[in-house]
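Asks: Take a look at the letters that make up each chain.
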Amino acid sequence: MLTPRCTRRQLLRSGVGAVAGLALPTRFILGKGVAQSARRVLVVIFQRGAVDGLNMVVPFREPEYYAQRPGIAVPPPGEPSGGLDLDDQFALHPALASLQPLFISGELAVVHACGSPDPTRSHFEAQDYMETAVPGDKSVIDGWLNRYLQVAVPQSESVFRGIAIASSTPRALAGRANALAVSDLAVLSLGTGQRGAQTRAALATMYGGRSDLPAIVVGETLRAVDFANRLNPDAYDPENGAVYPSSVLGLQLRQIAQTIKSGVGLEVAFAEVWGWDTHLGQGASEGLLANALRDLGDGIAALRTDLGEAFADVCVLTMSEFGRTVRENGTGGTDHGHGTAMLIAGGTVRGGTVYGTWPGLNEERLFEGRDLAVTTDFRAICAEIVVRHLGFTALAEIFPDFVYDDSQRLGLIS
Amino acid sequence: MDTCTTVARTASQRESIAHLLNRAAYGPTAELAEHVQCVGPTDWIEEQLHPDSIDDADLAARLAAYPSVAMSTAELLVRYPARKIGMMPDPTTAPGRILDDQNAALVTRAVHGRAQLEAVLTDFWLNHFNVLAPKGPTKWTIASYVRDTIRPHVLGRFEDLLRATAKSPAMLYYLDNYLNATDGDGGGINENYGRELMELHTLGVDGGYTQDDVREVSRAFTGWSITPDESGAIDFVYHPTWHDTDPKTVLGVPIPRGQIAEGYRVLHLLAHHPSTANFIATELVRRLVSDDPPAALVSAARTAFIRTAGDLREVVRVILTADIFSDPRYYGAKAKSPLHFVASALRAVGADVKQGFAAAGLVAAIGQPLLQAVPPTGWSDRVEDVVSVGGMLSRFSAAQQLASNAVEGVDIDTHQWDYLKRGWRAVNRLLVAILQRPGTAATRHALERLVNEGAEPATVVALALSSPEFQQC
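Chains as they are written, first to last, in this note's numbering: chain A, 10 to 423; chain B, 64 to 536.
Don't read these hints as lab results, they were simulated from the structure.
Fair warning: this is a prediction, and the values are worked out from it, not measured in the lab.
The C-beta atom is built at its ideal place from N, Cα and C for all residues, glycine as well.
Mixed in with the good hints there might be a few duds.
[Said to hold, decoys possible] Computed cross-link-like contacts, DSBU-like style, restricted to lysine-lysine with a CA-CA straight-line distance of at most 35 Å:
{"#": "1", "chain 1": "B", "residue 1": "Lys-147", "chain 2": "B", "residue 2": "Lys-484"}
{"#": "2", "chain 1": "B", "residue 1": "Lys-198", "chain 2": "A", "residue 2": "Lys-147"}
{"#": "3", "chain 1": "A", "residue 1": "Lys-147", "chain 2": "B", "residue 2": "Lys-230"}
{"#": "4", "chain 1": "B", "residue 1": "Lys-417", "chain 2": "A", "residue 2": "Lys-147"}
[Claimed, not checked] Here are the simulated distance ranges between beta carbons:
{"#": "5", "chain 1": "A", "residue 1": "Gly-290", "chain 2": "B", "residue 2": "Thr-156", "range": "17 to 27 Å"}
{"#": "6", "chain 1": "B", "residue 1": "Pro-291", "chain 2": "A", "residue 2": "Gly-290", "range": "53 to 63 Å"}
{"#": "7", "chain 1": "A", "residue 1": "Val-252", "chain 2": "B", "residue 2": "Gly-159", "range": "30 to 40 Å"}
{"#": "8", "chain 1": "B", "residue 1": "Thr-155", "chain 2": "A", "residue 2": "Ala-405", "range": "26 to 36 Å"}
{"#": "9", "chain 1": "A", "residue 1": "Arg-204", "chain 2": "B", "residue 2": "Ala-421", "range": "18 to 28 Å"}
{"#": "10", "chain 1": "B", "residue 1": "Gly-103", "chain 2": "A", "residue 2": "Ala-405", "range": "18 to 28 Å"}
{"#": "11", "chain 1": "A", "residue 1": "Ala-405", "chain 2": "B", "residue 2": "Asp-115", "range": "15 to 25 Å"}
{"#": "12", "chain 1": "A", "residue 1": "Ala-405", "chain 2": "B", "residue 2": "Thr-273", "range": "16 to 26 Å"}
{"#": "13", "chain 1": "A", "residue 1": "Gly-218", "chain 2": "B", "residue 2": "Ala-137", "range": "54 to 64 Å"}
{"#": "14", "chain 1": "B", "residue 1": "Ser-294", "chain 2": "A", "residue 2": "Ala-195", "range": "46 to 56 Å"}
{"#": "15", "chain 1": "A", "residue 1": "Gly-218", "chain 2": "B", "residue 2": "Ala-74", "range": "20 to 30 Å"}
{"#": "16", "chain 1": "A", "residue 1": "Arg-418", "chain 2": "B", "residue 2": "His-508", "range": "54 to 64 Å"}
{"#": "17", "chain 1": "A", "residue 1": "Glu-377", "chain 2": "B", "residue 2": "Pro-303", "range": "51 to 61 Å"}
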């Protein structure tokens, strides 16, 4: 076992770490008491179901790409419905048009042929491995983003250091550091009107004089509710003319932007979106996959627009558990594969480049003779963001069985 | 339900019975607390230790609402087939319905079943021998896993339970042993089951095994697999040609060469190992008594395990009847798991669960969807794992829905709380009804203030269910 199954209780007992701080009388005041120095934020968007990286970022110089995908290949740039040229070798799917300006302005980078070293093609396992960042070891319980919160010096005592706009805590954020998961910030409510006020007052009285763990958590809960009441997420107006897609991802990114701007102490945010498991009728430049990509691209672009100058301290990373087969299957889709592509956007990103080592699509270069090979371990990307963007260097705490050295540095982050 | 004449209970008797029912059951109901008072805790425990002798026609009638729970895997494959490409989704025959039925049935048993201890222990062992119900063919085998593999053995012999799980298609799939084959035959050794068998199922992580033991045990289980669902049934199958026939030594004990018998030999060895006695005793005491298991009670339970060669009924009897079990220091010493919270709340308000789907949805919303824990440790019931910001909000919301009779499929008589309109003195009656004790001054004060402010009875009841005392068991 690589990560000790250390519990939050043990941490509380030993009195170390971020969680112990929660037991102290809080100095955290809403809207105040927040460090004004540059606070770096990481936003992870998980594409659940395994995105077809080869159609998200198209290797349009590869004859095999077109040979293996007669019905679903994206035409090269310049042709009708063609991809959007990035570097004369790769092209963005045309549905990602709203991300092209970010690539040109140097705020968006791509890493291609990346993924997990573990060969599993099970969604469950592969997502777990990517979220724990310890591929192949099912005994690891906590997620890598939670481990970051555990070991990094907290920038505030906020319950909002780590947040997922999701119905349950994703594995990436699960663990003994407190992180908040709600499907919609508007859910952070104890009811409206008199009943809500009565409920809040009664809870504060009943739990207020106690010091056990449930009472600590209820204290955090009440603070979160107060914060959300003040935030009033339903009345939020995005700035700079940003328009979020009216989708689940659009809501998640909108609320993440609002939380970033509120100065509440957010360090790590997580959004997740389904619909990438395109076994059937995925389409080429239009269709199922195109619609999902449009949602993703428009969402990230809206976040960038909305954040304005605050985007300088934000890094957005897309992840997916694996890629899909090079060859189109018998039902106009693709099956579970291996390597895929990830997008990295933000003010600290050295964008305008497609990073990674391209292994090629000739059969002898494929993983197990069928899938895009992985030439960049996803943890190298995560590690570089943790070191260069978040400024945390004790990587062994976060990626316990991954040895990272400068030779793996892609140069993604300035 | 009882003909005996009950004497008035003292406050300390009431609390002691409530404690027993919080641990050996999913919380007190008014009726059950009276029954235990009537027959005495010792006889009630004895009755619970023999669930087969408990007549439960009411529960049987309620479970008829979830027909898939009683079906064989083969029948489930026919009734709830995998969706074929181009087939329109039909929620009534989708395989996901099997898990929905199972979860609703588990909640219904927890609320209305008379074999309460069996329900508590079934939950314990389902997490000890965790599988992931939505994954792959487990969708169809989960009903059999709960009904045939786990429940019949929770008060039986540990070795029988271990053997049943080892041969269950659900476990063979979940921990990958169905792929475990000798290196020579195109497959390869998969150590996933071999490792968890020792670390989580028997010896415990500090139980004294090595990486070599993991390898040897894994080789002993090569060839233990399952038939594919396309065959019309998902059954245990042993493939002799996949079996690694080299000699093996486990924990220093040579395993006689013998194909499938090698696996049985390993299970026997592990089931009766002193580390296993210690680990199972510790985990049961942790579940039934305290997150910090008292050493003396663990020792007594371990001794019972060894003395009876792993008779779980004896081990549980020793725990529940020990003086230390009833020590008031353990009253309220554990935090309720999401299932325990929902079931005990439904029991405390006298709910009639006609359809358990929405109630099971509350358990999931609070953070532990049943049979869907991903890691092989299953859901933990330790306090640090069962309280979270989102989880507490979901508890408060569930309490509000219950108190307002707003949970689909569940009937609650809200007029039972009309007395709360009579003034703050009524709060004591409410707290005794829900907590079996008057509650702390802070809780009483908060609820009395609500009553004085003219809050709706439903709000007052919801706050009683949201109180710190009701999160404890």
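Asks: All the hints need checking, so say for each whether the structure fits it.
Replies: Status of each hint after checking the structure:
no.	hint	result
1	B:Lys-147 to B:Lys-484	violated (58 Å)
2	B:Lys-198 to A:Lys-147	holds (15 Å)
3	A:Lys-147 to B:Lys-230	holds (21 Å)
4	B:Lys-417 to A:Lys-147	violated (38 Å)
5	A:Gly-290 to B:Thr-156: 17 to 27 Å	holds (23 Å)
6	B:Pro-291 to A:Gly-290: 53 to 63 Å	violated (26 Å)
7	A:Val-252 to B:Gly-159: 30 to 40 Å	holds (35 Å)
8	B:Thr-155 to A:Ala-405: 26 to 36 Å	violated (52 Å)
9	A:Arg-204 to B:Ala-421: 18 to 28 Å	holds (21 Å)
10	B:Gly-103 to A:Ala-405: 18 to 28 Å	violated (58 Å)
11	A:Ala-405 to B:Asp-115: 15 to 25 Å	violated (54 Å)
12	A:Ala-405 to B:Thr-273: 16 to 26 Å	holds (25 Å)
13	A:Gly-218 to B:Ala-137: 54 to 64 Å	holds (58 Å)
14	B:Ser-294 to A:Ala-195: 46 to 56 Å	holds (49 Å)
15	A:Gly-218 to B:Ala-74: 20 to 30 Å	holds (23 Å)
16	A:Arg-418 to B:His-508: 54 to 64 Å	holds (60 Å)
17	A:Glu-377 to B:Pro-303: 51 to 61 Å	violated (28 Å)
Taken one by one, the earlier hints fail for this structure at numbers 1, 4, 6, 8, 10, 11 and 17, listed in ascending order.
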